[in-house]
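**Q** Spelled out, the chains give:
2 protein chains.
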Amino acid sequence: MSERIRIAVDAMSGDLGPRVAISAAQKFTAKFPDVEIVLFGNEQQLITYSSLKKLSRQRISISNATDVVAMDEDPLHALRHKKNSSMWLAIDSLNKDLADACVSAGNTGALLAMGKYLLKTFPGVERPAICKAMPVEQGQTYLLDLGANTNCAPEHLHQFSLMGKILAASVSAEPRVGLLNIGTEATKGTDVIKSTQDLLQQDSRINYVGYVEANKIFTGEVDVIVCDGFHGNIALKTCEGTARFIAKKIQAAFKRNWFTRVGGAIVWPLLKQLRSELDPSMYNGASFLGLQKVLVKSHGNANKKAFMQALIVAREQVIQNIPARIQRELSNQTISFQQ
Amino acid sequence: MSERIRIAVDAMSGDLGPRVAISAAQKFTAKFPDVEIVLFGNEQQLITYSSLKKLSRQRISISNATDVVAMDEDPLHALRHKKNSSMWLAIDSLNKDLADACVSAGNTGALLAMGKYLLKTFPGVERPAICKAMPVEQGQTYLLDLGANTNCAPEHLHQFSLMGKILAASVSAEPRVGLLNIGTEATKGTDVIKSTQDLLQQDSRINYVGYVEANKIFTGEVDVIVCDGFHGNIALKTCEGTARFIAKKIQAAFKRNWFTRVGGAIVWPLLKQLRSELDPSMYNGASFLGLQKVLVKSHGNANKKAFMQALIVAREQVIQNIPARIQRELSNQTISFQQ
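For the record, the sequence lines run as chains A and B.
Under this note's numbering, think of the first position of the first sequence as 1130, with each following residue one higher.
Under this note's numbering, think of the first position of the second sequence as 1130, with each following residue one higher.
So here's chain A without its partners, still in its complex pose (with noise of 0.2 Å):
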């Protein structure tokens, strides 16, 4: 690592391109002097970008990348085909230590497929769990996985525990880890998630405390919640839903009628500040965990202050030294991973 933190940016993938990921390194480099971008795409659109909008790219450099992972393209197809795309010349300047993380809003499936087979996992590590803060009332909640891993042994989710452990030792001393279940009563669930249970009520490192609900996820009881990726997913896709449709019924009531325009208009600046708490670009940013190196995936549809919020989470990582911190936990595992 150098004195700065480099992050190298897929600037190309995403469904908004390359405006957002520009302008969004240009506030992140304004706001945080030890750091330093990469951008990785089409060196002349991301100039001719920059100087239309007259962005400064003070701490800013640009790497061409010729090619492009689409958002629907198989990701099988672009870990084979698309080794001259701006993600995996994002995520392989990580490897020739030209930068210490990397963030991009691209397909989820191929920046998973070439961040394992760029970045490595630790030893007994399959595949990187997918890790995110969900919006609480107090504090934040880590939920992992949140699809790389659909199907799960208990060992997995025992590693997930350990990973996410780390990662929320930023915000709590002993993290609170919580297992995702139907109920609390120990007769809930599968087969796979009570032994997942008896696995980390034998482990000392884990401060577990039982089966949690989804409702759980938002009230800050815990610190992690674990669970496989299909059952993350489906927690995820569903609170993204609730909130858009909440937020659309907010907008519609304020301009049923002149009355309540009227209404909208004084309560105007709280409103605002109100949609700003609860932006879902505030809780941008998932994590792989599990990869040897920092890699951190920007929501597709991200705007500029979203996927700056993914270079934060990016460049606290490094700081935090997150890999190496897994590393350390993982190797002390003493569970065999047989299958």
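Bear in mind the hints are in silico, worked out from the structure with no lab data behind them.
Check before you lean on any hint, since a few could be wrong.
If chains are identical, the list can't say which one is meant, so a pair holds when it fits in one copy or spans any two.
No more than 25 Å apart at the CA atoms, straight line, and that leaves these computed lysine to any residue pairs for SDA-like [to be verified]:
1) Lys-1225 / Gln-1187
2) Lys-1377 / Gly-1393
3) Lys-1160 / Ile-1191
4) Lys-1378 / Leu-1208
5) Lys-1377 / Tyr-1412
6) Lys-1156 / Ser-1185
7) Lys-1245 / Arg-1305
8) Lys-1377 / Arg-1305
9) Lys-1212 / Val-1321
10) Lys-1245 / Gly-1312
11) Lys-1317 / Asn-1430
12) Lys-1317 / Leu-1205
13) Lys-1249 / Thr-1316
14) Lys-1323 / Ala-1159
15) Lys-1378 / Val-1300
16) Lys-1156 / Thr-1313
17) Lys-1401 / Trp-1387
18) Lys-1156 / Gln-1187
19) Lys-1401 / Glu-1266
20) Lys-1377 / Gln-1331
Once you have looked at the hints, place chain B on chain A.
**A** Chain B alone, transformed into the frame defined by chain A:
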């Protein structure tokens, strides 16, 4: 069925006790002249409360039950030992043709066990599926199963699709049925989900629209979303958790200082209406589909309005003759249920 629609109410269960059930019954009978209620529970307590509150008992009768199923009671224990409970007697009254439907806010597991034991499922249905209308932008989306069937074979999910379709037929002529998955690509999902998709695509009775992600629960793009009870339960609880989190944030925002309090007072009528539109009680009332009679579960902490909504759901299903229509649909089923 008598001329009136008779609903048996387990008045003693639920977190808030009999007062909610009584008040809801009173409001319900006042609103619908075609209904009759039988309250099952401690006769003295029910009479005393009605008298104290000066509630009209027109078309409301009371049937004494000496026992109660506790909210945290083991369902099998309840099934074996609580034959004098308000829950048991209320459900059993359907077999004695004393009522056309039963509503309870009690222990879901006990309700499921007693419902299955007393009312029986239709041939081919191993366990009923719990189904509920979710809040959507327009119309209604029915989600099932919400927790009765943790492990499902493709044949079960196929069956849920047929049952859900019947329920949704009241809101859509040709209900669009989606299968909950973590992506829409054919490669996504577990083997069970992929095999279910094959079954649904082959069944001409079902207007199958493909895989849907959990955020689609709230958009109204599909009328029925089918999943196993584990996934449905996660979606339901995540939705509840998110909505509660946002509601708390809004409340806190308007209480921040005198300025926001004044703003809140000005838009109070609007907030009140918004709250009523988003009120979870509007969506109360989960059905146990696949049982031979109408059994509706009210949320454990339902208030009067929410309990009333569960009564409305029960009334509607009697009018629509849902069990008979499910029976007809399932008897046309050519798929064998071998596992």
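**Q** Treating 25 Å as the Cα threshold, decide for Lys-1156 and Ser-1185: within, between, both or neither.
**A** within (9 Å within a copy, 66 Å between copies)
**Q** With 25 Å as the alpha-carbon cut-off, assign the pair Lys-1323 and Ala-1159 to within, between, both or neither.
**A** neither (49 Å within a copy, 48 Å between copies)
**Q** Please work out whether the CA atoms of Lys-1160 and Ile-1191 approach to 25 Å or closer within one copy, between two copies, in both situations, or in neither?
**A** within (19 Å within a copy, 69 Å between copies)
**Q** Since the copies are identical, ignore which copy is meant and state whether Lys-1377 and Gln-1331 lie within 25 Å (CA to CA) inside a copy, between copies, both or neither.
**A** Neither way: Lys-1377 and Gln-1331 sit 46 Å apart in one copy and 36 Å across, limit 25 Å.
**Q** If the cut is 25 Å between Cα atoms, do Lys-1249 and Thr-1316 qualify within a copy, between copies, both or neither?
**A** between (38 Å within a copy, 24 Å between copies)
**Q** Tell me, please, which holds for Lys-1377 and Tyr-1412 at an alpha-carbon limit of 25 Å: within, between, both or neither?
**A** both (19 Å within a copy, 18 Å between copies)
**Q** With identical chains, the pair Lys-1377 and Arg-1305 could be close in the same copy or across copies; at 25 Å between alpha carbons, which is it: within, between, both, or neither?
**A** between (34 Å within a copy, 23 Å between copies)
**Q** For Lys-1156 vs Gln-1187, is the C-alpha pair at or below 25 Å within one copy, between two copies, both, or neither?
**A** within (11 Å within a copy, 68 Å between copies)
**Q** Evaluate Lys-1245 and Arg-1305 at a C-alpha cut-off of 25 Å and name the case that applies: within, between, both or neither.
**A** neither (28 Å within a copy, 38 Å between copies)
**Q** Regarding Lys-1401 and Trp-1387, is the shortest C-alpha distance of 25 Å or less found within a copy, between copies, in both, or in neither?
**A** both (20 Å within a copy, 17 Å between copies)
**Q** Are the CA atoms of Lys-1245 and Gly-1312 at most 25 Å apart within a copy, between copies, both, or neither?
**A** Between copies, since 21 Å is at most 25 Å while 34 Å is not.
**Q** Go through the copies and call it for Lys-1401 and Glu-1266: within, between, both or neither, with a Cα cutoff of 25 Å.
**A** both (19 Å within a copy, 22 Å between copies)
The earlier numbered hints that this structure contradicts are 4, 7, 9, 14, 16, 20.
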